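Novice: Could you slot chains B and C onto chain A? The hints should help.
Residue numbers (the working numbering), protein chains in the order written: chain A, 48 to 804; chain B, 1100 to 1389; chain C, 36 to 210.
It should be emphasised that the hints constitute simulated quantities derived from the structure, not laboratory data.
Watch out, some of these pointers could steer you wrong.
One side of the interface only, derived from the structure: several residues of chain B facing chain A at Cβ under 10 Å [to be verified]:
#	residue
1	VAL1292
2	ILE1354
3	LEU1357
4	ARG1358
5	SER1360
6	TYR1363
7	ARG1366
Calculated cross-link-like contacts (lysine-lysine; reagent style DSS-like; alpha-carbon spacing at most 30 Å) [to be verified]:
#	chain 1	residue 1	chain 2	residue 2
8	A	LYS197	A	LYS425
9	A	LYS782	A	LYS332
10	B	LYS1139	A	LYS100
11	B	LYS1139	A	LYS98
12	A	LYS98	A	LYS425
13	A	LYS197	A	LYS624
Every value quoted in this text rests on a predicted model; they were computed, and no experiment measured them.
The beta carbon of each residue, even a glycine, is placed where N, CA and C say it ideally should be.
What follows is each chain in one-letter form.
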Amino acid sequence: MGHVVPRPDAVAKVTGAARFADDYDFPGLLHGRALRAGVPHAILKRLDVAKAKDLPGVVAVLTAEDIPGERNHGLVIHDWPALVGVGEKVRYVGDAVALVAAERREIATQALELIEAEYEPLPVVSDPVQARQPDAPLVHESGNLLKHIKVRKGDIEEGFAQAEVILDEVYHTPTMEHAFMEPECSIARLTAEGRIEVYVGSQIPYADRDQIARCLALPPEKVRVIGTLIGGGFGGKEDIAGQIHAALLAQATGRPVKVLYDRHESLLVHPKRHATQIRVRLGVKRDGTLVAAQTELYGDSGAYASLGEKVMTRATTHSTGPYIVPHVKADCYAMYTNNPPSGAFRGFGVTQSCFAVESAMDQLAERLGMDPVELRRKNALRVGSVTNTGQLLTESVGLLECIDRVEAEMRRLSGGRDPFKPQVVPGAPNRVRAWGLAVAFKNTGLGGGAPDKASAEVELFTDGTAEVRTSSAEIGQGLVAVLQMIAAEELSLPLEKVRVLLSDTDLTPDGGPTTASRQTYVTGNAVRLASDVVRQAVATTLAEKYDVPPEGVRFVEGLAQVNGHSVPLGEAVAMMKAEGREPKATYEYWAPKTQPLGTGGDMHFAYSFATQAAEVEVDLETGEVRVLRVIAANDVGRVINPLGLQGQIEGGVMMGLGNALTEEFIVEEGRVITDRLARYRMPSIVLTPQIIPIVVEHPTGEGPYGAKGIGEISSIPTTPAITNAVYHATGVRVKRLPVDQDWLAREIARRERPQDV
Amino acid sequence: MQPFEYHSPRSLPEALRLLQELGDGARLIAGGTDLLLRMKQGQLAPRALIDLRRAAELHGISFSPEEGLRIGAAVTLRELQRSPLVRDHCPCLCETASWMASEQVRSLATVGGNLCNASPAADLAPPLMVLDAQAVLVGPQGERRLPVEAFFLGPGQTALDRGELLKEVLVPPTPGNALYLKHAPRAFMDIAVVGVAVHLRMERGLARAVRIALGAVGPTPLRAGPSEALLEGSAPTASLLEEAADLAARACSPIDDLRGSAWYRRRMVRVLTRRALDRLCAASLVGEGT
Amino acid sequence: MTEGLIGQERPLVTISLRVNGEPVEAVIEPRELLLDFLRDRLGLMGAKRSCDTQVCGACTVLLDDLPVSACCTLAYEARGREVLTIEGLAQDGALHPLQQAFIEHTAVQCGFCTSGMILTARSLLQDHPRPTRQEIRHYLKGNLCRCTGYWNILKAVESVAGSGRQRGRVGEEAT
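Just chain A, same shape as in the assembly (with noise of 0.2 Å):
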């Protein structure tokens, strides 16, 4: 454990022949589109798909009726159609009426632009707000409040009374694309046995098959999805792309068929993160300890539910802040829209509300004249705290380490100097620094009462070698690594000696989603217990052959150790195997038991904190932000994998900063103008900050070596740090992301000159 393990896949992945979904190919392959509606709020009327059948080259068009079982998909609620029908309801831009499946990819273009849909248009429900509105037209039959999300602690009334100094805000968050390298594929086909098989590269296999097998109308188990590698995911890919579209175009065809999104597509398709409008008010006494909170948060949804309403509740729980508050009242409302569908993204909701009660805090520390970092300690949680929702912290925060070791490392970068006070540069009196700070956490697993198990497969071999199993994805987080390290600590076996196989439903067993920062802890656990039983049952199998109690056997690098003599693991194997014994094991692990919402006690069994500090160097004449180097603690638990954990805290504040800065993806009633990628501003290697990684390990007892999530924890804390730095630089308050330049140009002037604004 903790040792710099190079990742298992890099060699293919640096000589091209790693192989994602794209990449494959099957004799006699099609190629399906899906047609989309184009229009936000709609009846589709009318759909004529005769021209298209014609067009030589055309193998297959289908339409809704032809969907044999289930029409509507969802990851929680099914409320998602495969494809709307004629007298249907289209709901976003994305919704798909028609699919088509030809010889070349081509064909299958030309035939959409011969479908003739007609559709009657419908008012457009574009932002949550409006969506409240007791007027507003309908999304979804059932309503458009997708869930009122309440957290309850204390007596809000009674806290506001016992406040000194009350801040009342409200900040607003775009919605934003995950801009994963790789767009959707998925390749199904059928095989003799007559089932049909499906290649993607997806976060959560198992609820593909389950999503798939309802729609074609089939049981599960003929259904078999098998994972490809992922070309990023951070969310993006948990729910149904192109699978259930590829699986029917398969069926009707008994042809494999391939659906790749182009760019285009996929920007117009999947769910996206959450935009949000969060109003944050905080009471406090005036030496700085926090008595009440309220908060009340707008979701957009969009058109469909994903994981909306997990997504929210996270925001919801998280918008008060790691800190102890003794009243809270915070509500949220996921709403509907016309826009495109919301579900998960890196750090699920609570990178929205920790960039606004972050930036309340700082607002808070200003208006009592205190350090904002003082502030924040003062009210962190620690052992012994209770949460918003009533959870008793009893182990495993990290939180005033973070604090003090970022806090510590940013003097020590100022020199001295008050790192919140603005610098201007030397020789360029239009450029100023100054350094922000922002403090996070964040739940491991999924929490709130769900059932959160993964099952691990682990196998010997006569060779020597293990194998483990599980569904879980390899987004490009490192989780084959993660469980290569701890199969072979386990088993002691070297770790070039222990192969990974993830996510075939065939072959793998069920790893859960890889969601929620859940697969080190919850899918490690698995893993480990699964090595730890092939161990006990290769070590009872020599106790028995040299009489000696199993503890009496050891395990060192490769070979079991017993009364003097060393036999080789592989030779072990064959031992067991001549017994009639399975060298094998399944585990199905059950993280510890959670409550649902509102019911108190335990509801996530984990948290991970951090803290982070930016320095930005703003140009107060053209109003742009550059983040020159950032400070990031993480309370991680333990650390299992060092280059893997670098590389998610890298790529979290990265994404943190494109998240402060540059991203937005834009929708105009329900059109989407961000169409293209070059119209998303995801950064480049020139805004590339240095990083300052400092690791923090508070173990969690029940966690793989006490190791707890790493995946979005990174990355929440960053936008804040960087905005309260833009404040403490310009004096400008950015309660709307990203900070746009144009608009911050036109705030420092406004500050200098209101004549010139």
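Specialist: What follows is chains B and C alone, placed relative to chain A:
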């Protein structure tokens, strides 16, 4: 992309003949970085492409003391950026090329393509304008020369007549200094929100041959005449430079779009003009002393 | 924009070029993109389809040693020229120093940008054997990566630029 015929003339006369024969259904292609994108997106569907890259007359960069620099229309941005001749005689153009798009695009995109697309934000336009460059157009009737600023008629529109193509650009020798400053929404490969080019030389403490051109703030790249007039022959002071920058901001007619508001563009014209003037005056003053 | 019907007479051209050192000859339509040519005809899957609009760099290949976006380059443009894809970078089973450095510095996560990133870096090092950090940033800005935050990529490229192994390599390539 729709099917098309592809022609690769080996010489300029052959290219002109093909252009004549194939008429309006044909498009000229050099680097193709813009054209192919538009064809892929279905905005254009020419029946034929005439590739200019194999016509030797359109290639090459040369210099003569009388005529100055001659830059062939098919010279790539990468070649322009790295040309020792350009670096010696017009370093501003190397610098400009280095700020354009990405390495991948610069490998293919050409000087001629950047000008003939006639984007109001074309990066090469403002510096060529302040360098007093001439565009050499060639057609069935022979060659003609136009100042680069007269080459742009509107967004996507140039002075090229039917059957004509851009052969090369001539940059006269100049004793002055030029600078192009570009502002884009992020330090990435963006199209300019504003581009400002300035040329001047200092003679006995007075600014001479002051030329200022602005990109992305009007339907075509444009000259900031009032600023030039103010500075020409003057002894630049901080307040005079500030005033010239203000005049430049007033000379343009920017629009609001996704990349920037009109207010911001105007402000950036002022900021960049002032910065370019500051740097050139400082550089020229230093140069004068030596 | 609709396209011509199947079976309609379409212009075809013959091209010959070298791909990863091997001669290749093919009859293609002039509109065939280099990316489709490499992936669909030659089965070279290292160049990736990503943005489709030459802004992300995932499809970067080297055309006569210069980086180009294969998604917006005609295959016909490569006639008579040399194309290098990621599959051709390792020689005699030995990884190129850049490939090795990307592994050692964990400059790889999901791996989708990796081929293009390495090829662009290879072109940079041919150009500037010892680039500054600023030059690396500038040269690689057309290659987007969403996973790594780029820091390890910078370090990987720097490590090769600063070591003798790369200079030897470039020397070999020049001969």
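Novice: All hints are to be evaluated individually against the structure, with a verdict given for each.
Specialist: Do the hints match the structure? See the list:
1. Look at VAL1292/B: its Cβ gets to within about 8 Å of chain A, closer than 10 Å, so that hint holds up.
2. Using the Cβ-Cβ criterion of 10 Å, the hint placing ILE1354/B at the interface with chain A is not satisfied: the shortest such distance is roughly 13 Å.
3. Because the smallest distance between the Cβ of LEU1357/B and any Cβ of chain A comes to about 7 Å, under 10 Å, the interface hint for this residue holds.
4. Nearest Cβ of chain A to the Cβ of ARG1358/B: about 9 Å, under the 10 Å cut. The hint holds.
5. Here the hint on SER1360/B is kept, as its CB sits about 5 Å from the closest CB of chain A, short of 10 Å.
6. At its closest, the beta carbon of TYR1363/B sits 4 Å from a beta carbon of chain A; the interface hint therefore holds under the 10 Å criterion.
7. Using the Cβ-Cβ criterion of 10 Å, the hint placing ARG1366/B at the interface with chain A is satisfied: the shortest such distance is roughly 6 Å.
8. Restraint check for LYS197/A and LYS425/A: satisfied, since their Cα atoms lie roughly 26 Å apart, inside the 30 Å limit.
9. Among the hinted pairs, LYS782/A with LYS332/A is consistent with the structure: their alpha-carbon atoms are about 24 Å apart, no more than 30 Å.
10. For the given pair, LYS1139/B sits about 24 Å from LYS100/A by alpha-carbon distance, which is consistent with the 30 Å threshold.
11. For the hint pairing LYS1139/B with LYS98/A, the CA-to-CA distance comes to about 23 Å; that is within 30 Å, so the pair holds.
12. Our distance criterion of 30 Å between C-alpha atoms is broken by LYS98/A and LYS425/A, whose separation comes to about 70 Å.
13. In summary, the hint linking LYS197/A to LYS624/A is not supported, as the alpha carbons are separated by about 56 Å, beyond the 30 Å threshold.
Violated hints, in rising order: 2, 12 and 13; the structure is consistent with all others.
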